[in-house]
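Protein chains in written order, with our numbering: chain S, 51 to 343; chain E, 51 to 343; chain P, 51 to 343; chain V, 51 to 343.
A portion of the hints provided could be inaccurate.
Chain copies aren't distinguished; within one or between two, either way the pair holds.
Straight line, CA to CA, 30 Å or less: simulated BS3-like cross-link-like pairs of lysine-lysine [unchecked claim]:
1) K237 - K207
2) K325 - K306
3) K75 - K138
4) K207 - K97
5) K277 - K133
6) K207 - K75
7) K306 - K82
It should be emphasised that the hints constitute simulated quantities derived from the structure, not laboratory data.
Number of protein chains: 4
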Amino acid sequence: MDTTKHIAVLGGDARYLEMIKHLTKSPNTDIKLVGFDQLSEGFSGVKQLNMDELELDSLDAIILPIPGTSEEGLIETVFSAEKIQLTKEWFKKLPSHCLVFSGITNDYLTNSVGEAGLKLFPLMDRNDVAIYNSIPTVEGTIMIAIQNTNFTIHSSKVIVLGLGRVGMSVASKFAGLGAEVFVGSRKKEDMARSMEMGLDSFNINELAAYTSNCDILINTIPALVVKDEEIKTMQSHTLIIDLASKPGGIDFDFAKKRGIKALHSLGLPGIVAPKTAGEILGIVIEQILIEEL
Amino acid sequence: MDTTKHIAVLGGDARYLEMIKHLTKSPNTDIKLVGFDQLSEGFSGVKQLNMDELELDSLDAIILPIPGTSEEGLIETVFSAEKIQLTKEWFKKLPSHCLVFSGITNDYLTNSVGEAGLKLFPLMDRNDVAIYNSIPTVEGTIMIAIQNTNFTIHSSKVIVLGLGRVGMSVASKFAGLGAEVFVGSRKKEDMARSMEMGLDSFNINELAAYTSNCDILINTIPALVVKDEEIKTMQSHTLIIDLASKPGGIDFDFAKKRGIKALHSLGLPGIVAPKTAGEILGIVIEQILIEEL
Amino acid sequence: MDTTKHIAVLGGDARYLEMIKHLTKSPNTDIKLVGFDQLSEGFSGVKQLNMDELELDSLDAIILPIPGTSEEGLIETVFSAEKIQLTKEWFKKLPSHCLVFSGITNDYLTNSVGEAGLKLFPLMDRNDVAIYNSIPTVEGTIMIAIQNTNFTIHSSKVIVLGLGRVGMSVASKFAGLGAEVFVGSRKKEDMARSMEMGLDSFNINELAAYTSNCDILINTIPALVVKDEEIKTMQSHTLIIDLASKPGGIDFDFAKKRGIKALHSLGLPGIVAPKTAGEILGIVIEQILIEEL
Amino acid sequence: MDTTKHIAVLGGDARYLEMIKHLTKSPNTDIKLVGFDQLSEGFSGVKQLNMDELELDSLDAIILPIPGTSEEGLIETVFSAEKIQLTKEWFKKLPSHCLVFSGITNDYLTNSVGEAGLKLFPLMDRNDVAIYNSIPTVEGTIMIAIQNTNFTIHSSKVIVLGLGRVGMSVASKFAGLGAEVFVGSRKKEDMARSMEMGLDSFNINELAAYTSNCDILINTIPALVVKDEEIKTMQSHTLIIDLASKPGGIDFDFAKKRGIKALHSLGLPGIVAPKTAGEILGIVIEQILIEEL
Ligand SMILES: NC(=O)c1ccc[n+]([C@@H]2O[C@H](COP(=O)([O-])OP(=O)(O)OC[C@H]3O[C@@H](n4cnc5c(N)ncnc54)[C@H](OP(=O)(O)O)[C@@H]3O)[C@@H](O)[C@H]2O)c1
Ligand SMILES: NC(=O)c1ccc[n+]([C@@H]2O[C@H](COP(=O)([O-])OP(=O)(O)OC[C@H]3O[C@@H](n4cnc5c(N)ncnc54)[C@H](OP(=O)(O)O)[C@@H]3O)[C@@H](O)[C@H]2O)c1
Ligand SMILES: NC(=O)c1ccc[n+]([C@@H]2O[C@H](COP(=O)([O-])OP(=O)(O)OC[C@H]3O[C@@H](n4cnc5c(N)ncnc54)[C@H](OP(=O)(O)O)[C@@H]3O)[C@@H](O)[C@H]2O)c1
Ligand SMILES: NC(=O)c1ccc[n+]([C@@H]2O[C@H](COP(=O)([O-])OP(=O)(O)OC[C@H]3O[C@@H](n4cnc5c(N)ncnc54)[C@H](OP(=O)(O)O)[C@@H]3O)[C@@H](O)[C@H]2O)c1
């Protein structure tokens with residue numbers, strides 16, 4: 051019996067190189083790459099193919115790029131000029147047990163995979179992946195904070211908005227660097243956890259009372275929470291770093307008008323630690339393969 | 051208009067003294083105590099009454115002891131010989147806006163309060179209270195660990211089972227003291243959070259592989275997770291501390307048979323820090339009074 | 051050539067059991083015990099002797115009890131009724147390369163060893179031993195603080211006097227448990243280090259300004275620093291723990307008069323973690339044997 | 051009686067702006083600036099002068115730039131085109147109680163001040179200043195580590211060489227970010243302190259045994275400690291950051307030959323946090339003025 055797992059990686063960016071490297075170390079794994087023809091270095095034991103060379107009926111899993119597909123089924127191929135489009139029909143040719151991995155999904159991808167009767171794993175939706183990714187996200191935030199201020203994080207007053215998967219990591223690591231951290235959230239239990247962690251906390255409704263005495267504000271809440279009222283009392287040296295996905299949680303126009311530096315810093319794991327970000331994906335995909343196949 | 055909040059405290063233990071003290075500092079609050087007649091020290095501005103002196107129709111809130119009532123409606127009065135029984139009829143005499151506080155509840159209490167059309171607040175069920183209480187719980191656990199070992203927590207290998215409200219606090223504080231902490235849980239996201247916190251982690255299914263090399267095992271999971279298989283390979287100096295409510299998560303009989311010291315340490319907040327435990331209740335009740343009245 | 055190291059352990063307490071155990075694991079080490087005849091358990095490969103059975107001329111090292119000798123040369127033998135007295139003549143019979151270990155020393159011991167032309171290692175004087183021992187000392191202090199207060203260390207205000215070998219460990223671990231730590235010292239660099247560690251700090255001269263708002267005061271300074279002026283403004287719940295060797299740094303009489311609980315807690319490593327305390331000695335003696343022999 | 055302190059600041063860089071701002075807040079302080087004529091913004095209540103307008107006999111203190119003077123007595127004036135040279139005669143015109151501040155000193159400055167019978171304070175030689183400055187130094191190091199690796203500091207293996215004023219701060223903050231830190235030093239007490247801090251440690255002699263399994267090496271030892279033997283076994287992704295003053299502690303040529311990235315990162319406080327660096331100087335100068343005048 052063939053216990054080898056046949057996996058095709060279709061496109062992807064720098065993070066995928068480390069993920070592929072991780073998967074190649076997994077026993078009984080056969081990996082084919084499509085959309086990596088411009089890659090200078092190869093991976094030992096890994097074959098590069100064109101889309102039409104791929105034998106779909108032998109595949110156990112396909113790994114799409116982090117953004118999944120466009121609404122037209124197009125996928126990002128950073129390391130190739132090849133244009134790859136995945137039609138609904140294409141998905142239907144995959145074996146019924148074939149797992150489909152992506153970072154995030156959209157209607158087109160969800161529907162295409164669903165109609166083909168396959169299982170989709172949008173990895174970025176998973177709590178474990180979000181928490182692992184919070185680590186490089188925090189380090190990117192630290193780097194940005196150091197680069198964009200003329201004072202130290204140590205001893206500065208830092209507001210962190212949200213104590214979710216990213217917020218908790220941000221708050222604890224900034225505190226670890228010696229900042230005085232104030233966590234703003236809407237849940238009473240978040241205030242209790244902040245207190246247990248040795249941090250100050252407040253109800254997000256009262257944010258405006260805190261911004262006037264703040265050196266760095268870091269937002270992780272994907273909703274407009276930092277508005278004119280909160281911005282207008284800020285001191286001129288205050289730095290805002292918004293980590294929340296587009297459109298973010300800051301009134302950037304108002305901040306600009308008031309001369310408050312506000313940065314919308316997205317995609318930090320891929321920027322500051324593509325190797326770690328890729329490893330995280332490799333580890334999680336490997337675990338899912340073991341459980342599901 | 052009378053904006054004073056009329057509150058009756060019916061019974062309670064040492065923790066309630068600090069809670070009462072906290073509430074007396076709240077503005078516009080009138081507090082009556084029933085079941086505290088043997089208390090040596092009084093509270094300034096607080097009246098002591100008998101059950102029959104209480105004017106029920108003016109009450110805005112009643113605070114029952116932590117255990118609530120017995121299935122017969124009896125309540126614990128540590129500071130009184132008076133026997134107090136709360137009948138279903140009694141609850142019906144309370145005004146419809148009157149809030150009922152207790153630590154935990156049972157069928158009798160839930161039904162009695164429900165049938166009277168009142169709102170019940172079993173405080174110990176709240177996430178914020180559970181997290182605040184995890185702090186004295188951790189300190190009790192630390193004290194027990196130091197008392198019951200002849201080695202330091204620092205540099206010892208400590209397994210913490212569960213990364214819930216108590217588990218997370220236990221794990222982070224033992225790590226803060228220099229222990230090498232291994233967190234066992236069933237959720238992948240808990241493994242990710244453990245890793246972010248700098249702790250080792252494993253799936254609770256694999257616990258037996260970890261117990262042979264463990265100095266202290268602390269359980270917070272309210273389910274039988276440490277069984278003969280997990281105990282039999284433990285070294286003779288290993289200390290087990292079970293924090294989970296009765297019946298706990300340890301096969302205590304088997305541990306005893308193997309000569310492994312296993313302590314079921316319950317009610318730690320009230321034991322090691324009754325003042326803090328009372329303050330927590332005072333703070334949370336005060337918040338609820340503001341929101342609900 | 052005989053490369054075996056011949057070591058005699060003369061007396062000692064519970065800590066010495068772990069130290070002996072550690073040394074027996076060292077290769078090429080032959081250990082003789084004197085003054086352990088009432089010990090129930092033995093050590094495999096270790097011989098118990100009487101004083102007169104000891105072949106002095108083959109010894110490479112002797113290990114005396116932690117307190118060294120009395121001024122008459124008597125040594126403490128917790129595990130024996132044998133009275134052992136080490137005369138100046140006795141030391142002169144030891145080979146010239148023989149190392150002499152003790153915890154502390156006094157004039158008699160220093161002179162006796164010196165006149166015999168031998169090298170004395172009073173281990174407790176060493177910085178590394180003092181720092182290693184600070185770990186169990188801290189844990190003992192934590193235990194005492196938890197046992198003797200009705201509030202948590204977390205969120206309490208803790209003054210630590212001295213940022214030496216013990217003080218630094220105490221300060222960092224109490225902060226790790228969530229206390230708000232204020233370090234009092236006389237050196238500007240200690241204030242800088244406290245600040246870097248995220249702690250508050252003040253000049254010890256200004257101590258009186260800090261004691262009125264303090265929940266726990268921990269002293270490590272071996273000089274009278276907490277006098278009536280500092281004690282008289284303390285709140286009644288304040289707990290003083292003095293770690294400094296006799297006579298300590300607290301006016302205990304005045305504290306008593308004011309009803310302030312003040313504990314002089316000495317010898318904590320041997321009390322809370324004799325195994326760890328013994329291991330520390332074993333590790334350090336082993337290192338010295340390698341370097342010196 | 052005139053209790054006003056008359057201070058002249060002669061040259062200096064961006065850090066000095068914050069220092070001046072800090073000193074202007076000190077009561078009874080009159081500040082004159084020389085060498086700041088190209089500064090766009092002024093300081094309220096602070097006068098700008100030319101060298102020859104300065105009334106030397108009324109001065110209580112002069113503050114020279116961080117580098118002091120050249121061996122010819124020239125000083126750095128970043129905010130001026132004026133060439134300022136301080137002759138030995140010039141120093142002799144200062145009142146005998148006038149304090150002279152600089153960052154570091156050299157033979158010329160030490161001699162000139164000494165011959166004039168004045169007291170020189172080379173601030174960077176002070177332990178407290180070195181420790182305060184270690185904070186921005188650490189943050190600069192963190193920034194560089196994040197910028198120059200494609201993996202996270204969290205979970206990476208970091209060697210820190212030296213546990214002095216900078217090394218201790220570096221080690222603790224990298225550990226706080228989740229790195230596995232190994233401290234290399236020559237003192238046994240440093241190994242004990244590392245262990246107490248929860249870090250691994252080794253004798254610097256054995257460095258070569260550790261470099262093969264290291265992701266980031268940070269040196270604070272001002273002596274050649276990382277030589278070919280230590281570099282040749284490093285993995286290609288290893289990053290070396292040398293913080294030690296020129297010539298540093300790394301064989302940079304050999305590292306280059308082996309393709310190991312090695313950065314000599316000096317002057318970090320002034321680069322990443324000039325405001326904090328200036329504040330540190332302001333605080334320390336203010337303290338000295340109080341004590342000495
Ligand atoms: N910049 C980057 O590189 C990067 C990296 C990773 C993630 N992200 C982004 O960061 C954001 C946070 O991610 P996450 O994983 O931490 O998400 P999460 O775990 O869902 O946390 C979101 C937090 O926001 C709070 N929140 C949501 N809506 C709110 C509202 N209207 N008012 C107050 N609080 C509200 C949530 O509180 P409740 O618990 O009360 O709902 C929670 O604490 C997302 O937008 C994510 O895409 C960015
Ligand atoms: N000793 C004391 O003084 C003291 C003080 C406070 C609380 N307690 C007790 O401590 C226990 C924990 O309290 P808590 O507030 O931390 O509760 P919690 O937040 O609900 O945490 C319970 C933990 O146990 C895990 N768990 C539950 N059932 C499990 C199972 N069958 N297998 C594996 N994991 C399981 C949960 O994991 P999931 O998230 O996967 O469900 C969670 O991590 C309770 O029994 C509570 O009464 C004792
Ligand atoms: N209770 C126990 O179980 C236990 C365990 C271990 C040690 N100890 C005892 O604890 C004490 C401290 O030990 P250690 O190893 O930390 O000693 P250490 O490293 O010498 O520290 C002593 C501290 O006290 C300061 N100090 C000394 N005299 C002072 C004075 N007159 N005014 C202000 N500060 C002063 C020192 O500051 P400078 O640096 O300015 O001199 C230093 O910070 C000793 O008495 C030791 O015997 C007790
Ligand atoms: N890059 C920057 O921005 C920046 C900022 C601040 C400082 N610095 C520089 O960083 C370096 C360290 O500063 P610091 O304040 O930490 O100095 P420090 O407190 O004197 O520490 C130096 C450390 O190096 C050790 N050491 C010295 N010579 C050694 C040798 N031959 N072998 C082994 N260890 C040795 C010392 O150990 P012992 O205790 O055993 O002597 C000590 O641990 C200096 O060169 C300083 O100028 C750079």
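May I ask which of the numbered hints given earlier this structure violates, with the numbers listed in increasing order? Failing hints, ascending: 3, 4, 5, 7.
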